[in-house]
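Chains as they are written, first to last, in numbering that gives the first Met the number 0: chain A, 0 to 493; chain B, 0 to 100; chain C, 0 to 653; chain D, 0 to 171.
Hints are computed from structural coordinates only; laboratory data are not their basis. We treat Cβ as the ideally placed atom computed from N, Cα and C, and that holds for glycine. Take these hints with a grain of salt, some might be off.
Said to hold, decoys possible - Some chain C residues close to chain D (C-beta under 7 Å, calculated; not the full set):
1. L638
2. V642
3. L644
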Amino acid sequence: MNSIPLLTLTLFAPLAGAALIAFTPKDAGKAVRLIAFAASLGSFVGSIGVLLIFDSAEAGFQLVEKVNWIPSSGASYHVGVDGISLWMILLTTFLTPISILASWNVAKKVKAFHIVILILETGMLGVFMALDLLLFYVFWEGMLIPMYFMIGIWGYERRIYAAVKFFVYTLAGSLVMLVAIAVLYFIGGRTFDLTELYGAGIPAGTQYWLFAGFFASFAIKVPIFPFHTWLPDAHTEAPTAGSVLLAGVLLKMGTYGFLRFSIPLFPDAGIRFAPWLAVLGVIGIIYGGVVSIVQRDLKRLVAYSSVSHLGFVLLGIGALTVMGTTGSVLQMVNHGLSTGALFLLVGMLYERAHTRKIADLSGVNRMMPVFGGIFLFVALSSLGLPGLNGFVGEFLILNGAFGPIPLLSIIGAFGILLSAIYLLWAYERVFTGEERLPEGDRRSIWRDVGRREMALLAPLLVAILFIGIYPKPLLERIEPSVQRVIESVQGNRR
Amino acid sequence: MSVPAEWYLLVSALLFITGTVGVLIRRNVIVMFMCIELMLNAVNLTFVTFDRMMGGLAGQIAVFFVLVVAAAEVVVGLAIIVSIFRRRASTDADQVSLLKW
Amino acid sequence: MVRLAAQGGTELPGYIPLIPFFPMAGALLLLLFRRSIGRGRWAGIVASSVIGSSFVLTLMAVGNLMTMTGAPEERTLSGPAYEWIAAGGLNVAMTFKVDALTAVMLLIVTGVGTLIHVYSIGYMEHDERKATYFGYLNLFAGSMLLLVLANNFLVLYVGWELVGLCSYLLISFWYFKPEAAAAGKKAFLVNRIGDVGFLIGILLIYAHFGTLDFDEVFARATELQGAIVTAIPLLLFVGAVGKSAQVPLHVWLPDAMEGPTPVSALIHAATMVTAGVYMVARTHVFFEASHTAALTVATIGAVTALFAATVACLQDDIKRVLAYSTISQLGFMFLAVGVGALSHSPVAYAAAIFHLVTHAFFKALLFLGAGSVMHALEGETNMKKMGGLIKTLPRTGWTFIVGWLAILGIPPLSGFFSKDAILVSTYEEGWFLLWLIASAAALLTAFYMSRQVFLVFFGKSRSSEDVHPHESPSIMTGPLVVLAGLAAISGMWLGLTHAGPIFRLLEPLFGVHEEAGTEAFLGIPEAGLVMIAVALSVLGMFLAWRLYLARGGEERRAALQERWSGLASFVRSGYRLDALYGALFVWPGKTIANVAAYAFDVRVIDGAVNGLAVSIGRSAEGVRRVQSGLVRRYVMAMLTGAVVLLALFIARAN
Amino acid sequence: MIDASVFLLAAALALGSGVAMVLVRNAVHAALFLVASQLALAVLFLIQGAFFIAALQIIVYAGAIMVLFVFVVMLLGVDKRESLIEPLRFQREIGVGLGVLLIVAALYLGVGTSFAVADLPDSAGPRSTEGNVEAVARELFTHWALPFEITSVLLIVAVVGTMVLAKRRLRS
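Same shape as in the complex, but just chain A:
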């Protein structure tokens, strides 16, 4: 169909960059950064190509590539995109160069850092592209390792604890999923191929168990209350780039997994458990919001807000309506942009103040008005202000969920109140009021947003505004694929 294996190129461009970096001399920091940036940018260009080729009218998988991998076990290198994964891929390739740019000041083991980040990108892209369960699993686990090193080596004070917690927690979930994959392999006719496994006609009783197996892995990744406690630790201790990619991309893998695997593979179980997913989502919205309010560490606050935001995504998926689920996919993108940007900003703040404690900061706006303005803008996007991206997703989710599960939708609507409380209160304490810092060399410490920082923030801000005002290009590509998933499930309802 397509002569150039665009997906494969996009997928492995970062890995090639990593290999190249491995052969650069140790002290060539600048070259390493440039190679890494170029490689991730190459991947981004590739994904833009994918976007251009992508046919928005087609609901199924496109740009499919399939090569035998382990023929004896029916595993193949099978990749493709649909309207759901397309945006996840773009989000990944969009955020990675930004993260690399944001890490320009990382001085520790520069070479290893960039190798890790590029391997991570390939892993993340693979998760979103894979249409073969075994391939998916390999990428799913594969990206765990670079993230582990990223947190463990380049993190803050409690990095080891956070990294181990993250790793063990996620791995524990994945193992259960691996068992489920193995069972599915034998039940579903000895194949790992997703397109063949869809509609494999698994008996409902078995579906429940397999759903539970996949749920364990995805629920931890999302994370769903009460499996969320790895998240604040990992996000807070990770270096900025790590936090951005964790929040921006990794968390989406859980909700993406529900949409790509759990629900279409096990439609009966999907219908049965979807309301409970929504319930967990609403618990996440409220709980995450409430807990965020009283966080004392700005980065931790942003981390907890992710729990709340992903609660919305889960609510939309649990609604099992085209509108709600389309909103969820959009919200996944939105959260990646907004929370990614928030982590970048908190990172920049830390670089200057060397503290993230809310109580230690005050009146920052006075010294860095541009920075304060950008922070407010992103916070507003995160709290769902109409006209910015967050609102579109949240409204679609709430409106889509209102039909089947009105009560949950109403409770979820209070999430927008909570997000306003925690974000604006934090903004008030950190950015407004009287500045409380030594006079000394304030100018050099509190320089406002620099050129490099602006360059990496600006694309995010533009995207946030664009999606808020004109979400159509996204929605019209997401909807057919979501519709396909929902119809395959709802059509199965007996």
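Fit chains B, C and D to the supplied structure of chain A, relying on the hints for placement.
Chains B, C and D only, in chain A's frame:
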């Protein structure tokens, strides 16, 4: 009337058991090593016996390879013993228990 | 606004989307290039001309509207600007509609807005963040225009939230003052409480109609059955209560006075806070369907009018008096729409909008006048430190007096006509109790406004020696004069009788007023009601004169103070509602959050996770002793395993 | 009959010296007993017709490998005798117990089963007229050529590894 194959096998089994018990109860590493050699020999006998029963040559080839491996193993093993002895002046297996936890 | 051109043969003239677009673009320009535009008066000039061009476009639209022929209902301009959200059956376009009600609102927003922009040029002369200020102001104007132009609940909601944002930004414009920052946040959060109700109302509407377009929803509004008939209007009203600062969500508005005074005039008096009234009027079909909802609106309106008026009587801050006054006047408007919905009375609706218009004029005038006074006194806001300023600030003083008489309802100034329309229609539709409450509020209004005027402009000067009041520049007094003119004549012009232009204009929306025989409750004819109202105003004025201007006033005040000091401080603090809410919601909320975050999350959930890890670690600690490092033990373990396996094989073979 | 008696003799020798090897306290004696056992095994190979293996057994095992053993024993102190005290609790008892269990199992299996290939050719050789050594060589260098070559790699690795391990550090 030739000797039935089962007898050979029984001898081989007994030899093997002897070697095993030797490994368990002896503490001199060198002797333990010898016991392992005895076990290998017992297995060789089994190979040859089965080979005769099947009427082929594969068993004898296998014995050949076992011999080669055994030779290599002995050489490396004894080297290890020598270097351990240099450090600890002992060939007692119980004295070497650092590789744990 | 990415694609502005009207698409595909709609009736919407291409210039309509430009009305909100101009200020929005202006805002973007000012905020992005604030450094280069920030010098001199350029920011103000850009912002004013942008909003001015919106005003011109509005005039075009109104002209267009007036020259239309056809049935009154069809005299509208409407259509989508571009498709916004479309997914899963939901299809929301940026649809705009200009009808009579919108036209009125547009004129106020752009007209009064332009005046206040111009005034701000003078007022913000010395502020170094002028460009930011004007950017926010433009953003507000654009959002408000979006709100009133919306022909769709979601677009309305967009404008609704955006004006809330601008209110937040402008209240905490001087963010380095902790009070200002806190006030802004409070405004946003209290508004958000209302917005959540509004949002749920929208969800409910979509669930039942499958669309959010005004025309279709209103046309089918009577289809509703059951509890939802009441639920929808009440939820919408929750939004209105938050936005329009009605009891019990009014607490943000007095604090909002931390913002620059022109902001108070534009956002917190003339335009944004009236959005709630506009919304209820716009969705009146729902309110008419539910007696409960309509009664709630009218009652809350009346109660708020009285409640806020009592508080206003005891404020010493020149702006806080006006803030409470605004709350009270908004209560009048809600009373009117409530009565309109209760009794299906077009006159009452029209009276609400009429009052909205006149209030916009005279309250903006009063706020700007107060701003001018503060400007003259270098930021002083305490009325106890003013007095006799009519001599030094003649233009400010006389225009302020026009506003004062207008709000009092002294004929023939505008407030007289609009307030009377409300009181009369309330009375005539048979809501005697509500009329009584409103009349009491009117009496108090006369009292506190007179008190303010007497304290500020008459009597002896109480300001400290080193303050030398000076009249504001003409760029500030110019708008005052224009507004004073409007406040004076707009009543006569628009609504001299029930056949006045404003009543006629709104007929397509609310229905035609039928001059039925009025069944007066106590047999008081309309003329009598009017005289009662005027008498009350005069009485209020007289009381204030006795206490604050006449000889012996001070002693009388002292006596009252002695007798009622406890009550007075209670009322002055706004009935301690802030403290009550603090104890009722904020404190428990923070406690719950703290417990959830530091006890539950850290101890229970994370405790379970870490506990599991620790217990696995502990058990591993025991198990690892098995690995003794003793080779012979290992061999024995292996052999034992082999023996067991062998035994199993033998057992299975038999 | 000759076969049987040779078998019995050789088997007894192999087993007897095997047991003796386990029991004697002196390492040199143990090595000598092992040699004896291996020689007896070579006889058992011989009477089964595996001439080549029998030769290898004597040359490589009883010859080369055992020399190495003796060499190391001598090197590491020939005079040391293993003490009779067993430091590991129950190690000896359980070891012997397991051995007994295994012997019982082996006897049970050996007596209880028959492979029903009673009339094997007694000095079997391959079916062809070729001698045993030629047959093994043909097989080894045709069918098993690659594994055979790989053993050379193994041996080289072993030699190098041994040198590395046993080399004294030259640093002072």
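Each hint tested on the structure:
Taking 7 Å as the C-beta cut-off, the interface hint given for L638/C holds, the closest approach to chain D being about 5 Å. This hint holds: V642/C has a C-beta 6 Å from the nearest C-beta of chain D, less than the 7 Å allowed. Evaluation of the L644/C hint against chain D yields a violated restraint, the C-beta minimum of about 11 Å exceeding 7 Å.
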